[in-house]
Structure formats: C-alpha cells, structure tokens
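**Student:** Sequence:
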Amino acid sequence: MSTLLGERIETGNVLEVRIDGEWASALVLLASDEAVILDLCDGSTPVVLQADELQEYRLFVADPTWI
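Per the numbering used here, the very first residue in the sequence shown carries number 87; after that it's consecutive.
Note that these hints are calculated values from the structure, not bench results.
Don't take every hint at face value.
To be verified - Taking CB as the label site, the calculated pair distances span:
#1 134 with 107: 28 to 34 angstroms
#2 110 with 151: 24 to 30 angstroms
#3 120 with 100: 16 to 22 angstroms
#4 136 with 108: 16 to 22 angstroms
#5 149 with 107: 26 to 32 angstroms
Every residue, glycine too, gets a C-beta built ideally from N, C-alpha and C.
All chains, please: the whole structure from these sequences, using the hints.
**Tutor:** Here it is as structure tokens:
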C-alpha cells in the first residue's frame with residue numbers, strides 16, 4: 087500500500103496513521119478541513135489531529151469487486 091498525501095479524508099474512512107513513529111489503524115470519527123478525530127480501535131480515547139499534524143497516512147480504499 088502506498089502513502090497517499092493530500093487525499094480527501096472523510097468521516098467513516100479507515101486510515102493507517104503514523105503516531106510516535108509507529109503505524110496504527112484508525113477509524114475517522116469526524117473530519118473537517120482543520121482536524122480529524124480518530125478512533126485507534128485499541129480501547130484508548132479517540133485522538134484529535136490538526137491538519138498539519140496529519141503528515142503521513144495511508145487511506146484504505148475498498149475494492150468493490152471483492153465481494
């Protein structure tokens with residue numbers, strides 16, 4: 087999977103984000119032009135990242151033919 091920068095992130099997307107040097111899967115709970123709220127799906131409190139903090143991420147794009 088390649089890193090996608092500048093992709094439009096929307097509520098409900100699944101991302102892999104780099105946090106403290108480690109990749110983590112996250113569900114986008116809420117997205118705006120200024121920030122995103124992410125659920126890291128690990129039982130922790132959701133995190134808020136400002137747009138400039140979201141430097142490196144991978145956006146999961148489902149293949150609609152894989153059903």
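**Student:** Hints first: check each against the structure and report whether it holds.
**Tutor:** Status of each hint after checking the structure:
1. The hinted range of 28 to 34 angstroms is not satisfied by residue 134 and residue 107, whose Cβ atoms lie roughly 19 angstroms apart.
2. For residue 110 and residue 151, the hinted distance range of 24 to 30 angstroms is satisfied, since their beta carbons lie about 28 angstroms from each other.
3. One distance hint, 16 to 22 angstroms for the beta-carbon pair residue 120 and residue 100, holds here, with the actual separation near 21 angstroms.
4. For the pair residue 136 and residue 108, the supplied restraint of 16 to 22 angstroms holds, since their beta-carbon distance comes to about 19 angstroms.
5. For the pair residue 149 and residue 107, the supplied restraint of 26 to 32 angstroms holds, since their beta-carbon distance comes to about 30 angstroms.
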